[in-house]
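Trainee: Spelled out, the chains give:
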Amino acid sequence: MNVITNNKWIGQRTIRPDGADKVTGRAAFAADTTMPGMIWGKVKRSPHPHARIKSIDTSKAEALPGVKAVVSARDIVDFPVDKSVMLGIQDMRWMCRNVMAREKVLFPGHPVAAVAATSEAIAAKACELIEVDYEVLPWTIEIEDAIKPDAPILHDFMKFEGKPSNIAGRLEVKKGDIEQGFKQADIVIERSFTTRPVHQGYIEPHACLISVAPDNKTTIWSSSQGQFMVRAMTAYLTGIPQSDIRAIPAEIGGGFGGKTIVYLEPLATLLAKKSGRPVKMVMTREEVMRATGPTSGSKSTVKIGATKDGRIVAAQGTFYLQAGALPGSPIRGAVGCSFSPYDIPHVLSVGFDVLSNRSKVAAYRAPGAPIGAYAVECVLDELAEALKMDPLELRLKNAAKQGTKAAFGPVFPRIGYVETLEAARAHPHYAAPLGKLQGRGVASGFWFNAGGESSAQVNITEDGNVVVTTGHPDIGGSRAAIANICAELLGIDYRRVSVLIGDTATVGFSNLTGGSRVLFASAMVVTQSADKVIATLRERAAKIWEIDPEAVKWENGAAHPASPNAGQFEPLTLAELAAKAPQMGGPIGAGVQLNTEGAEGGFGTHICDVEVDPELGIVRVIRYTAVQDVGRAIHPGYVEGQMQGGVAQGIGWALNEEYIYNRDGKVDNPGFLDYRMPVCSDLPMLDTVMVEVPNPKHPQGVKGVGEVPLVPVMAAVANAIHNALGKRFYSLPMSPPRVLEVLDGEG
Amino acid sequence: MTDIRYLSPDTLDEAIKAFAAAGSAARILAGGTDLLVQMRSGAVRPGLIVDIKKIPDMTTIEETADGGFRVGAAVPGAVLAEHGRFGKVWPGVLEAVNLIGSTQVQGRASAGGNLCNGSPAGDSVPAMIAAGAIATVQGPNGRREMPVEKVPAGPGRTHLLPGEILVSFSLPPRPPGSGDAYLRMIPRTEMDIAVVGCGVSLTLKNGVCTAARVGLGAVAPTVLLVEAAAKALIGGKLDDAALNAAASACSAACRPIDDKRGTIAYRTRIAGVLLKRTVAIAAHRAGGN
Amino acid sequence: MAKLHVSTTINGEPAEFLCEPGDTMLDALRGPLGLTGSKEGCASGDCGACSITLDNRLVCSCLMLAAEAEGQDIRTIEGMAQGEKLHPLQQKFLEMAALQCGICTSGMLVASEALLQKNPRPSEEEVRFWLAGNLCRCTGYDKIVRAVLETAADMREAAQ
Chain C
1 MNVITNNKWI
11 GQRTIRPDGA
21 DKVTGRAAFA
31 ADTTMPGMIW
41 GKVKRSPHPH
51 ARIKSIDTSK
61 AEALPGVKAV
71 VSARDIVDFP
81 VDKSVMLGIQ
91 DMRWMCRNVM
101 AREKVLFPGH
111 PVAAVAATSE
121 AIAAKACELI
131 EVDYEVLPWT
141 IEIEDAIKPD
151 APILHDFMKF
161 EGKPSNIAGR
171 LEVKKGDIEQ
181 GFKQADIVIE
191 RSFTTRPVHQ
201 GYIEPHACLI
211 SVAPDNKTTI
221 WSSSQGQFMV
231 RAMTAYLTGI
241 PQSDIRAIPA
251 EIGGGFGGKT
261 IVYLEPLATL
271 LAKKSGRPVK
281 MVMTREEVMR
291 ATGPTSGSKS
301 TVKIGATKDG
311 RIVAAQGTFY
321 LQAGALPGSP
331 IRGAVGCSFS
341 PYDIPHVLSV
351 GFDVLSNRSK
361 VAAYRAPGAP
371 IGAYAVECVL
381 DELAEALKMD
391 PLELRLKNAA
401 KQGTKAAFGP
411 VFPRIGYVET
421 LEAARAHPHY
431 AAPLGKLQGR
441 GVASGFWFNA
451 GGESSAQVNI
461 TEDGNVVVTT
471 GHPDIGGSRA
481 AIANICAELL
491 GIDYRRVSVL
501 IGDTATVGFS
511 NLTGGSRVLF
521 ASAMVVTQSA
531 DKVIATLRER
541 AAKIWEIDPE
551 AVKWENGAAH
561 PASPNAGQFE
571 PLTLAELAAK
581 APQMGGPIGA
591 GVQLNTEGAE
601 GGFGTHICDV
611 EVDPELGIVR
621 VIRYTAVQDV
631 GRAIHPGYVE
641 GQMQGGVAQG
651 IGWALNEEYI
661 YNRDGKVDNP
671 GFLDYRMPVC
681 SDLPMLDTVM
691 VEVPNPKHPQ
701 GVKGVGEVPL
711 VPVMAAVANA
721 IHNALGKRFY
731 SLPMSPPRVL
741 EVLDGEG
Chain Z
1 MTDIRYLSPD
11 TLDEAIKAFA
21 AAGSAARILA
31 GGTDLLVQMR
41 SGAVRPGLIV
51 DIKKIPDMTT
61 IEETADGGFR
71 VGAAVPGAVL
81 AEHGRFGKVW
91 PGVLEAVNLI
101 GSTQVQGRAS
111 AGGNLCNGSP
121 AGDSVPAMIA
131 AGAIATVQGP
141 NGRREMPVEK
151 VPAGPGRTHL
161 LPGEILVSFS
171 LPPRPPGSGD
181 AYLRMIPRTE
191 MDIAVVGCGV
201 SLTLKNGVCT
211 AARVGLGAVA
221 PTVLLVEAAA
231 KALIGGKLDD
241 AALNAAASAC
251 SAACRPIDDK
261 RGTIAYRTRI
271 AGVLLKRTVA
281 IAAHRAGGN
Chain D
1 MAKLHVSTTI
11 NGEPAEFLCE
21 PGDTMLDALR
31 GPLGLTGSKE
41 GCASGDCGAC
51 SITLDNRLVC
61 SCLMLAAEAE
71 GQDIRTIEGM
81 AQGEKLHPLQ
91 QKFLEMAALQ
101 CGICTSGMLV
111 ASEALLQKNP
121 RPSEEEVRFW
131 LAGNLCRCTG
141 YDKIVRAVLE
151 TAADMREAAQ
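Protein chains in written order, with my numbering: chain C, 1 to 747; chain Z, 1 to 289; chain D, 1 to 160.
In short, the hints are calculated from the structure, not lab data.
From the three backbone atoms N, C-alpha and C, an ideal C-beta is built for every residue, glycine too.
There could be a bad hint or two in this list.
Unchecked claim - Some chain D residues flagged as far from chain C (calculated, every beta-carbon gap over 12 angstroms):
(1) 14
(2) 17
(3) 36
(4) 56
(5) 71
(6) 73
(7) 132
(8) 155
(9) 157
Said to hold, decoys possible - Have a look at the derived ranges for each label pair, beta carbon to beta carbon:
(10) 668/C - 47/Z: 51 to 57 angstroms
(11) 260/Z - 509/C: 26 to 32 angstroms
(12) 176/Z - 47/C: 55 to 61 angstroms
(13) 71/D - 436/C: 51 to 57 angstroms
(14) 228/Z - 388/C: 50 to 56 angstroms
(15) 153/D - 88/C: 46 to 52 angstroms
(16) 280/Z - 156/D: 33 to 39 angstroms
To be verified - Taking lysine to aspartate or glutamate and the DMTMM-like style, the derived pairs with C-alpha atoms no more than 25 angstroms apart in a straight line are:
(17) 125/C - 3/Z
(18) 3/D - 14/Z
(19) 88/Z - 126/D
(20) 118/D - 150/D
(21) 260/Z - 744/C
(22) 260/Z - 668/C
(23) 53/Z - 55/D
(24) 260/Z - 18/C
(25) 118/D - 3/Z
(26) 53/Z - 73/D
(27) 85/D - 615/C
(28) 276/Z - 744/C
(29) 85/D - 18/C
(30) 436/C - 240/Z
(31) 88/Z - 190/Z
(32) 666/C - 259/Z
(33) 3/D - 128/C
(34) 260/Z - 287/C
(35) 54/Z - 55/D
(36) 260/Z - 615/C
(37) 666/C - 192/Z
(38) 3/D - 120/C
(39) 260/Z - 664/C
Next up, chain C with everything else stripped away, as it sits in the complex:
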């Protein structure tokens, strides 16, 4: 491990400030909250993959004793399909149709109405009493079916190349001249890959509790990756002004991108408004699996050309990603990230956003990038084999470095990709002997990361301690890292710093928890706030000592004369200055709101060992090492945790996770029994190596770390299986029946 250790708190494995609540069951997740007078909301959902809604009759539901409100699409603000209204990367035209079907239902599970009643049982019964007259339409789910010329079209207004289509968009990134590039290649490998849709798999279902007063003052508790997003989307979809909505982030039980949009909040708000009672809505696991955005299934073709000495000269990728029922698959990630670890002169990367009758996809940890990397990193493995080069050597020979122009646009500043390759190559794992039926694979990956808006306040308490309020829900331990930074800056004991997450009324605008940006962005604004606080503290001491503030320094939690010339004064501690604050000028605190910039992309290189049972087709991962360029590990335990979590998700995606559809177009495995995520006994210890190449544009050198770890995994596993069995896998998941098919030559 390569952690800088000359700091007192940065780099330390401190105990997270919210920890005691979490290990005692006290932490309040959205489903744990209650309000007096609370009633329950439930959603009525479409049984059909595709149907026109001819009529909805809610009269019987409304008449059921205990029912207090019913809402349907007419209660939701309409966003006409001909005018795009963007909120971040989401288009409200699609959001309003996603939270409740308007003209059509577009997937089984699509909400058509919602009910609030005095008990869950009555609400559920009321949903059964809602009568919907459907005109059932033909449906399409798989990409190859959805893009056929005679495919059922989901949206008449969606045109591609002048014709009605299920292709909702195309994105292209290019560099150089791809045809010239391939002419220069001595060896060209082109392969096609398929991945199945997978779900983020957060253990906590979506939940919210919302109260709306007669004057529209709305309070929302919800499980989300962004309270400001919740406020904005709810405002857009209900018509209630943002200033009347207070969105409070409950503790969140996992998101991974899946909670960066709303499903229940607008419905619960409308039900609360109509009924005059607080409304609680909690999804069941089945609702989560059927009706919340998983990620795309995909079909990709990747073609890479290299000279015979291993220099990659041309790379081309075509990525078809499922959007689900409404536009918005993460083609940006597939198109932009897949070739980015490499310095390639000629690149053409194209993505297609394909609609089909399944739930609208939502972000999933480096959205689109794992799909693209699976294809690219597998082709690179074949290329290395054909060139008789070690796969890490091939990558080193072509690695992006400072000054490399990425195909998606920027010129890389100081990055740490090469360091990850070198660390992987030098790691004992890479040289460890392998047994029978065991194999080893490597893969790399890249993710953009992000900066964006963040706000924070650092306030000194009257008794001389610190309360930090930040703006982003904490999904991975960011509070611990922020406390480390604040304690370091102020020079005080870590335990004197409290870190809280504000809500939309108590902290300034802060963008989503996602994009691996929380620590990057919040550390910047916390640092600037702390700097202002320190400036104030120096002024206060200067006033007391009657010297110039320039002559005061802040060190180890106290003000000191900056030099012997400034005078002989006993240090003034934070507690002493806080006690004197009212007389010396007032409250000591500062807040900063910024659109943070300077986020740099992250790179990872992974080594995976598998053992295969070729008679049954079972693959087990027996050893895994993830190397990542993490910038600066402010709290190493939680950085390691992000790496390990991403690896585990990738192993599931590689081996056993997939959406299975029955012949009626419905999800056949909407639960944890048959949607097979890794369990504890499936995995080995997951070793991590944190390479620290500090981000020069960040006060503590922080880079986003949360998303990169998922990107290389599926290819690392596939390449390992190839090493064990001598067969390539062009399709995920590599579940036992598929392994046997490939071994039999049918794959």
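For chain C, the structure is supplied; the task is to place chains Z and D on it using the hints.
Mentor: Okay, now just chains Z and D, sitting in the frame of chain C:
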């Protein structure tokens, strides 16, 4: 769910009376690890739940004088595992029961519930069948016995008559030189429903197999007793030819479906693979006895 | 259709509540009993977030009728710490960052404590298979397993 009644009788007679009176609206509650899931999903909406966990016959384990065992139908897998001797005599049956679900599920799930749930993939059933277990059943018309392989009638159905409750399993005394084993194929290491499950019990004398029974699960509408596989093993020394013949017999006996857990082709193929591996373990255990 | 009245013991204290016959123990804990530490992740016994012990036996509270609690001894996450003194497992989870979002943590701790009570010297494999019914999506289980193994070692040492 406000029109459910819950009853927790102290005696088998009370349980049968209430269960029979309620007809098809009644369900027996042992561990609840199937029933509660089915209630929650709406697959089952019982009018009456009869909790039989207070009935001694159903929750105790006895060793009979002749060296056999009588295991109450509602004994949880975790309790069965803690019995001093059962696992030593019937390691295959025990490991099969102990494979049902997670540790938490093991705290409640029973072989009786597993059998009566009627899933063709129930883990305990192939091993019980291989063991030659006899099910004791009691209903309004009295008590009767049936071999375990006669209990399943199809997916979700049993041959128990209306009002009958499965009371216990009887396992026969074990001849020396006997061993049993259960293996299943699941994609993960835990928490999956068996794609194929294989139970084998055999007796060896001087290396020759003198008795064998093979149970195969998740490859047909009911768990199968594969007599042809047993026949291929009996009388020989479990050599490759015998194992191959038994494996083929298992594959031939398969009548599976394609579903989200496995395909016809896959199940049929690995039934034979599992048979060989299970025989090897059972034989090893038999050799040790 | 009257509610059932159940008298039971929860975390060593007598407790009583009203429930529908079809309510699960998890419904009762999170509803009338106000013990929201046990979580609902799936309501089908596949995730373990609702883990409790029933007469010292680790079970999923979502797979148990509330009515079955009558006369039994139930222990939940809320009973693990003694006042402000955390159980060694709870302390170790914090020290080793064995939790991220925390939704699985209650179940993991209850399950881990049940393991160490039964087997004070588990191997890594034994820990992993014991916890197979507790899903975690954030951590990849690595730090959780390490925390359990280290706590087991600490507790064995303390017992000597």
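Trainee: Is it true that the CA of residue 260/Z sits at most 25 angstroms from the CA of residue 744/C?
Mentor: holds (21 angstroms)
Trainee: Measuring Cβ to Cβ, find out whether residue 132/D lies farther than 12 angstroms from everything in chain C.
Mentor: The assertion about residue 132/D is violated, with a minimum of 5 angstroms to chain C.
Trainee: Given the hint that residue 85/D pairs with residue 18/C, test it: the Cα-Cα distance must not exceed 25 angstroms.
Mentor: Holds. Residue 85/D to residue 18/C sits at ~16 angstroms (cutoff 25 angstroms).
Trainee: Against the range 51 to 57 angstroms, how does the distance between the Cβ atoms of residue 668/C and residue 47/Z compare: consistent or not?
Mentor: violated (29 angstroms)
Trainee: Range hint 50 to 56 angstroms: satisfied by the CB atoms of residue 228/Z and residue 388/C?
Mentor: holds (51 angstroms)
Trainee: Is the straight-line distance between the alpha-carbon of residue 3/D and that of residue 128/C 25 angstroms or less?
Mentor: At roughly 24 angstroms apart (the allowed maximum being 25 angstroms), residue 128/C and residue 3/D satisfy the hint.
Trainee: Are the Cα atoms of residue 118/D and residue 150/D separated by 25 angstroms or less?
Mentor: Roughly 16 angstroms between the alpha carbons, so the hint for residue 118/D and residue 150/D holds.
Trainee: Would you mind confirming whether the straight-line C-alpha gap from residue 53/Z to residue 73/D stays at or under 25 angstroms?
Mentor: holds (16 angstroms)
Trainee: Go ahead and decide if the range 55 to 61 angstroms is satisfied by the Cβ distance of residue 176/Z to residue 47/C.
Mentor: holds (60 angstroms)
Trainee: Compare the distance between the alpha carbons of residue 666/C and residue 192/Z with 25 angstroms, and conclude whether the hinted pair is satisfied.
Mentor: holds (21 angstroms)
Trainee: Hint check: residue 125/C vs residue 3/Z, CA-CA at most 25 angstroms. Holds or violated?
Mentor: Status holds; Cα separation ~13 angstroms.
Trainee: Given the hint that residue 276/Z pairs with residue 744/C, test it: the Cα-Cα distance must not exceed 25 angstroms.
Mentor: holds (21 angstroms)
The structure fails hints 3, 7, 10, 11, 24, 25, 27 (numbered hints given earlier, in ascending order).
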